[in-house]
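K.L.:
The primary structure of each chain is shown beneath.
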Amino acid sequence: AQTVTQSQPEMSVQEAETVTLSCTYDTSENNYYLFWYKQPPSRQMILVIRQEAYKQQNATENRFSVNFQKAAKSFSLKISDSQLGDTAMYFCAFMKGAGNMLTFGGGTRLMVKP
Amino acid sequence: GAGVSQSPRYKVAKRGQDVALRCDPISGHVSLFWYQQALGQGPEFLTYFQNEAQLDKSGLPSDRFFAERPEGSVSTLKIQRTQQEDSAVYLCASSRSGQGADEQYFGPGTRLTVT
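Heads up: the protein sequence lines correspond to chains A and B, in order.
Mapping of the first sequence onto this note's numbering: residues 1 to 114, in sequence order.
Mapping of the second sequence onto this note's numbering: residues 1 to 115, in sequence order.
Since the hints were made in silico from the structure, they are not lab data.
Check the hints yourself; a few may be wrong.
Claimed, not checked - In silico DSSO-like cross-links for lysine-lysine, where the CA-CA straight-line distance does not exceed 30 Å:
#, chain 1, residue 1, chain 2, residue 2
1, A, K96, A, K70
2, B, K78, B, K14
3, B, K57, A, K73
4, B, K78, B, K57
5, A, K55, A, K78
6, A, K113, A, K96
7, A, K96, B, K57
8, B, K78, A, K96
Claimed, not checked - Quick list of simulated restraints, FRET-style, between CB atoms:
#, chain 1, residue 1, chain 2, residue 2, range
9, A, P9, B, S62, 22 to 30 Å
10, A, G106, B, R81, 23 to 31 Å
11, B, P8, A, K70, 37 to 45 Å
12, B, Q41, A, A72, 22 to 30 Å
13, B, E103, A, G106, 31 to 39 Å
14, A, T27, B, E103, 19 to 27 Å
15, A, P9, B, E68, 30 to 38 Å
16, B, G28, A, L47, 15 to 23 Å
17, A, K70, B, K14, 46 to 54 Å
18, A, L47, B, T113, 34 to 42 Å
19, A, A71, B, S27, 36 to 44 Å
Given the structure is predicted, the values throughout are model-derived calculations rather than measurements.
No residue lacks a Cβ here, since even glycine has one placed at the ideal position from N, Cα and C.
Work the whole structure out from these sequences, hints included.
P.N.:
What follows is the structure in structure tokens.
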């Protein structure tokens, strides 16, 4: 079974600064996908960024980028130029193979302060 | 287009009552997932459909939980004889093809409170 661990229950950052959220996972699979999801207070989960394990290049989406360290089984999310709208719960998630269920970490609550 | 919708948004049930939670996925999406999210925790997988076929129900916590998707679109999660530990937000998600790193689109959830 896969496990996903987010060791930072809560974090805060000043507006316009950069913050990094940590995620580690445990798996014996070689083919998998990793995701970061954002859950604002309204509770609808939104995909932030995804990474295929077979790709060495780290994924980026505008202000969001990941640091994927496959050997270390680490998948951190960097948010640059933080905005007030980034305030939310952030979940790291693992998908074994293609089109399968997601295994989520416990989440990190991020507060962006003005 | 319309996203994933769920109804009701909130449900209060007395212990022992049966409840039915509905999920309308994005039109044309092949895969549909149900997750349970306890307060302050990450979602946990319950069950998965590809069209009308339930391919994985390993996450259902007991035989009181039952899910169906008879025509391959709308899905219903039914909980019989509800218990207090069933109190949680139930999230539904759908994805286009069930292949590759398909994004799962989530609904707003149904918050179930068992009193």
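K.L.:
Tell me if the straight-line CA distance from K78 (chain B) to K96 (chain A) falls inside 30 Å.
P.N.:
Distance of about 27 Å is within 30 Å: holds.
K.L.:
Cβ-Cβ distance between P8 (chain B) and K70 (chain A): within 37 to 45 Å?
P.N.:
43 Å, holds
K.L.:
G106 (chain A) and R81 (chain B), beta-carbon distance inside 23 to 31 Å?
P.N.:
29 Å, holds
K.L.:
Does 22 to 30 Å hold as the CB distance between Q41 (chain B) and A72 (chain A), or does it fail?
P.N.:
For Q41 (chain B) and A72 (chain A) the Cβ distance comes to about 25 Å; the hint holds.
K.L.:
Is the Cα-Cα distance between K78 (chain B) and K57 (chain B) 30 Å or less?
P.N.:
13 Å, holds
K.L.:
For K55 (chain A) and K78 (chain A), compute the direct alpha-carbon distance and say whether it is at most 30 Å.
P.N.:
18 Å, holds
K.L.:
Do the beta carbons of T27 (chain A) and E103 (chain B) sit within 19 to 27 Å of each other?
P.N.:
Holds, since T27 (chain A) and E103 (chain B) (Cβ atoms, about 21 Å apart) stay within the stated range.
K.L.:
Straight-line Cα separation of K78 (chain B) and K14 (chain B) no greater than 30 Å?
P.N.:
15 Å, holds
K.L.:
Can the restraint linking K57 (chain B) and K73 (chain A) be considered satisfied, given a maximum Cα separation of 30 Å?
P.N.:
With Cα atoms ~27 Å apart, K57 (chain B) and K73 (chain A) stay inside 30 Å; holds.
K.L.:
Can you let me know if the beta-carbon spacing of E103 (chain B) and G106 (chain A) is within 31 to 39 Å?
P.N.:
22 Å, violated
K.L.:
Taking 30 Å as the top limit, are the C-alpha atoms of K96 (chain A) and K70 (chain A) close enough?
P.N.:
14 Å, holds
K.L.:
How does the Cβ-Cβ distance of G28 (chain B) and L47 (chain A) compare with 15 to 23 Å: does it lie in that range?
P.N.:
Holds: the Cβ-Cβ distance is about 18 Å, inside 15 to 23 Å.
The structure shown violates the earlier hints numbered 6, 13, 18.
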